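Participant: For the sequence shown, the working numbering assigns the number 334 to the initial residue and increments by one for each residue that follows.
If you are wondering where the hints come from, they were derived from the structure by calculation, not from laboratory data.
The structure presented is a predicted model; accordingly, all values stated were derived computationally and were not measured.
Glycine included, every Cβ here is placed at the ideal spot set by N, Cα and C.
Check each hint, because a few of them may be wrong.
[What the hints assert, rightly or not] What follows is a list of derived Cβ distance ranges for each label pair:
id : residue 1 : residue 2 : range
1  : Thr708    : Ala616    : 34 to 40 Å
2  : Arg630    : Ala455    : 24 to 30 Å
3  : Gln500    : Ser469    : 47 to 53 Å
4  : Arg613    : Glu565    : 23 to 29 Å
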Amino acid sequence: MRFFPVLAAIVFAVLMYMAVIERHALLSFFGAQPADDSATRTAAPSHAAAKAEHQLVKVVVERLQAEQIARAVVLRGQTAAARQVDVKAETTAVVVSEPLRKGAQVEAGEVLCRLDAGTRRAALEQMRAQLDEAQSRIPEAQARVGEARARLAEAEINQNASSRLNQDGFASTTRLAGADAAVATAQAGVSSAQSGLRAARSGIEAARAAVAGAQAELDRLVIKAPFSGLLESDTAELGALMQPGALCATIIQLNPMKLVGFVPEANVNRVKVGAQARARLAAGGDMVSGRVTFLSRSADPETRTFRTEIDVPNSDLMIRDGQTAEILISSDSVNAHLVAQSALTLNDEGTLGVRLIDDRNIVEFHKIGIVRDTTEGAWVTGLPEVANVIIVGQEYVVEGVEVVPTLRERTQ
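With the hints as extra help, turn the sequences into a complete structure.
Facilitator: What follows is the structure, given as structure tokens:
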């Protein structure tokens with residue numbers, strides 16, 4: 334019973350051997366011509382190439398041309414008032430003016446606090462009277478000087494005459510000595526009169542100084558705004574007693590506004606006084622523009638950064654003191670490419686860069702430096718003049734592999 338299955342297996346094995354190994358002999362036995370395998374052999378490489386191409390990763394590539402742009406130094410800073418001052422009293426008196434409330438706009442020279450004059454006006458009048466009296470003494474002193482000089486001239490004439498007569502033997506020596514004494518007395522009188530004139534003039538200067546001091550004391554009773562600005566505090570209340578150094582008001586000037594930032598040591602040589610600058614305010618995202626007006630020559634000993642200041646217009650007073658700002662200061666120009674931020678990637682060493690393809694569609698990795706970020710993408714350096722950047726699929730390929738690129742034109 335087991336003979337037929339064994340026989341069938343043997344026959345099946347022989348047929349399979351003839352069909353696979355001796356196919357040509359089998360076809361010749363039955364009178365059929367063997368098919369030409371040249372077409373099969375020719376089609377095999379193209380099929381293999383198509384299969385290999387099908388296995389390559391497909392990516393989307395964007396061709397980018399380098400452009401010259403101005404680099405910017407990016408800082409974090411804050412706004413600061415152009416000027417702020419505490420206006421204080423210089424004398425002791427009671428406030429007699431109604432207070433101005435904080436937030437009010439004041440102009441330069443506007444009265445902030447008015448103090449009680451007390452007896453200061455009477456003191457000023459007294460000093461002026463003393464000045465008039467001192468000035469009235471000048472003519473009398475000048476007259477005395479003139480009289481003394483006339484006596485001196487008369488004494489000198491008598492002395493001259495006595496001297497000649499004495500030489501001719503017509504006058505005694507005693508008379509000559511008396512004439513000399515009279516000249517000496519007259520000279521002393523001139524000196525005394527001149528001293529009196531100088532004293533009178535000194536009295537005038539002292540009286541003028543006293544008048545000026547009394548007037549200055551009166552002027553201190555009116556405390557005025559040193560510049561136009563806003564009140565950051567109420568002025569002194571009516572009836573308050575002011576002492577020297579007591580606060581009358583705090584004034585802040587917000588136009589122009591200053592932007593204060595600190596430049597790292599590595600970028601300090603890229604910042605110049607007069608350079609154009611822009612800033613985005615944290616509150617509301619408003620953009621403001623101005624120019625660099627100051628760059629410190631001395632670094633902060635702790636942070637090793639250099640203070641810089643930028644003046645920006647603030648005529649509408651919308652910028653407030655102390656707001657956080659992102660500052661961009663224009664620097665020298667550089668060739669850069671505008672790359673979509675999604676195209677940025679990291680290699681195995683953690684280096685930031687982008688993946689490109691060369692003329693043979695082989696992937697390359699290029700390390701980049703970011704110049705600045707924009708809403709359209711990132712301006713980067715470190716790429717060839719014309720770069721075929723992989724913008725889709727860069728995370729699925731590595732450097733050195735071949736890819737199938739699809740070129741996508743950038744929309745303007």
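Participant: If a hint holds in the structure, say so; if it does not, say that too.
Facilitator: We went through each hint and held it up to the structure:
One distance hint, 34 to 40 Å for the beta-carbon pair Thr708 and Ala616, is violated here, with the actual separation near 20 Å. Between Arg630 and Ala455 the beta carbon distance is about 55 Å. The supplied range of 24 to 30 Å is therefore violated. Between Gln500 and Ser469 the CB atoms are about 49 Å apart, so this pair conforms to the stated range of 47 to 53 Å. At roughly 26 Å, the beta carbons of Arg613 and Glu565 sit within the given window of 23 to 29 Å.
Checked against the numbered hints above, the structure violates hints 1, 2; every other hint is satisfied.
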